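The primary structure of each chain is shown beneath.
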Amino acid sequence: MTDPSFTMIENGQSHEIPATTDATLRLATEPVLEALGWTQKPEGLCQGDVCIPIAGRPDLITSQGIDLLGLGDVLGRPIAIDREESVASFGAETAAHGAQLAEGFAPDFTLPDLTGKEYSLSGFKGKKVLLIAYASW
Amino acid sequence: MWQALYEELADRGFVPITIALDESADAVRPYIEKAAPGHPSLIDTEHVVAHRYGMINVPTVVWIDEAGKIVRPNTAEYGTDTFLEFHGRESGPFLDAVRAWVKTGEIHADDTVPSVMPPPTEDEELARAEWALAWFLHQRGSSEAAARHFDLAGELSPDDWTIRRGSMPIRGQNPMGPEFFELFKDWEARGKQSYASMAANRRS
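Chains as they are written, first to last, in my numbering: chain A, 27 to 163; chain B, 104 to 307.
All clues stand as given, with none of them false.
To give an idea of the chain A side of the interface with chain B (calculated C-beta under 7 Å), a few residues: (1) K154; (2) V155; (3) S162.
Calculated cross-link-like contacts (lysine to any residue; reagent style SDA-like; alpha-carbon spacing at most 20 Å): (4) K137/B to E110/B; (5) K151/A to T136/A; (6) K154/A to V216/B; (7) K172/B to F135/A; (8) K154/A to F131/A; (9) K154/A to E110/B; (10) K295/B to H190/B; (11) K288/B to F189/B; (12) K67/A to T88/A; (13) K153/A to K172/B; (14) K295/B to F283/B; (15) K153/A to G130/A; (16) K154/A to Y181/B; (17) K153/A to G171/B; (18) K172/B to G208/B; (19) K67/A to S89/A; (20) K137/B to L108/B; (21) K172/B to E129/A; (22) K172/B to T136/A; (23) K172/B to F117/B; (24) K172/B to A128/A; (25) K153/A to D168/B; (26) K153/A to Q106/B; (27) K151/A to R115/B; (28) K153/A to F117/B; (29) K288/B to P278/B; (30) K153/A to E110/B.
Quick caveat, the hints were computed from the structure, so don't treat them as lab data. Bear in mind that the values here come from a model prediction, so they are computed numbers and not experimental data. Every residue gets a Cβ at the ideal spot worked out from N, C-alpha and C, and that includes glycine.
Looking at chain B on its own, in the form it has when it is part of the complex:
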């Protein structure tokens, strides 16, 4: 998905780095092999990047400049319009914004883009610790204990899709099934939290 943009802008010092939050390399292998990326396409089964960047859903896109500073915080952005009818966020203007950044250094943002990275809450951080515990137990073969801790993590941070939806394949559940629509209705009922709303609500 990002290979074309990479080829277009690589000679200007641009590199996309994709991070798969799937439960195994095998789960995401077909997609990566089909895309055949020349840019780094990394596997994050333990959700290290999701935790360190306070990510709560996919896709999440962050712009990091040459000095290693975040210049455009966590936002849901898409490289194609395949699911445009569902999420309503056009890829065209976003890709143009990336081009403008790479060519001129300008950062285009709208109300959907938070002004700063939202600081995590204690519950979100405990949920991430519960996730790491659950993942360890799962790998050790203690499935029931793992399930308890995935559940705890989901209760602590119900708006973190990387936890509730992300744990479904690990637990042998279908993330595309009816449970997904239940999660979606819950998210709507709780006020449709987004990175922008998190940043606005957590201003100190």
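So that you can see chain A by itself, here it is in the shape it has in the complex:
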């Protein structure tokens, strides 16, 4: 059975992608890889200079699409899924995220103030920044 579309959420963006939901949840391969910034090559799944071999996973990509959970495993990213609601949400690449933080790289972000004006952390290079997260809860 093919669902007309499945919503894939990644890095604050949502993408509508055709899906096949049998025992294995599969989404259309090319839009998924494009949304995540990966390309399929003979070497495997590639991004920039990095290629991850997938020859040992013959069922990862079939004519029905790409196995979503299998892809998460290959990329080292957790995925939260709600089949009934047809939504999947990608978490960060756990190992790389940890390494980035441990090395002291401050992740960039872009957020609005109350007026809607947007600010990025990278716009404050050259300043000493005190980043304070708080909440009324």
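Once you've looked at the hints, dock chain B against the given chain A.
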């Protein structure tokens, strides 16, 4: 809260950036308008900063230098002593430490400050993915499905207050009520995890 410090140190290249992890701009608007900050005071309803920095509670303070490097990792620090009796962390020494950093580049830290940013666990990262899913469902009006995923996120990462307490206003629950004290007792029972304990326990 940070405006006075900003005015004092702005001409030395210092800028506080506050990040509200509230569920809407309206929820935090009265507080920001009262503070009338001249520094950036940003709204993070989707918890982007909390997720990227591996934050698990508020307040969380990070020092980032001119080159964009984290020089003092995630720590619970306060700009005033309003709730000192509850948390025991004085604001005076912290504000002096910020002054020393800005004026001389020194970084003052104690045992409460982790030596490095704690690397997130797989469960914490999955919990954050569940949070993003729940938030999407909530915005779409699928409240029951959203609640299921907020619950899942909380089970995966029980010491992440930004999830369990942070989801309460979204779900129409009172974050100041009895549930808060239950969360607090759970946190104590599990060993009072802090950023320092996370960094110490996750050393590779």
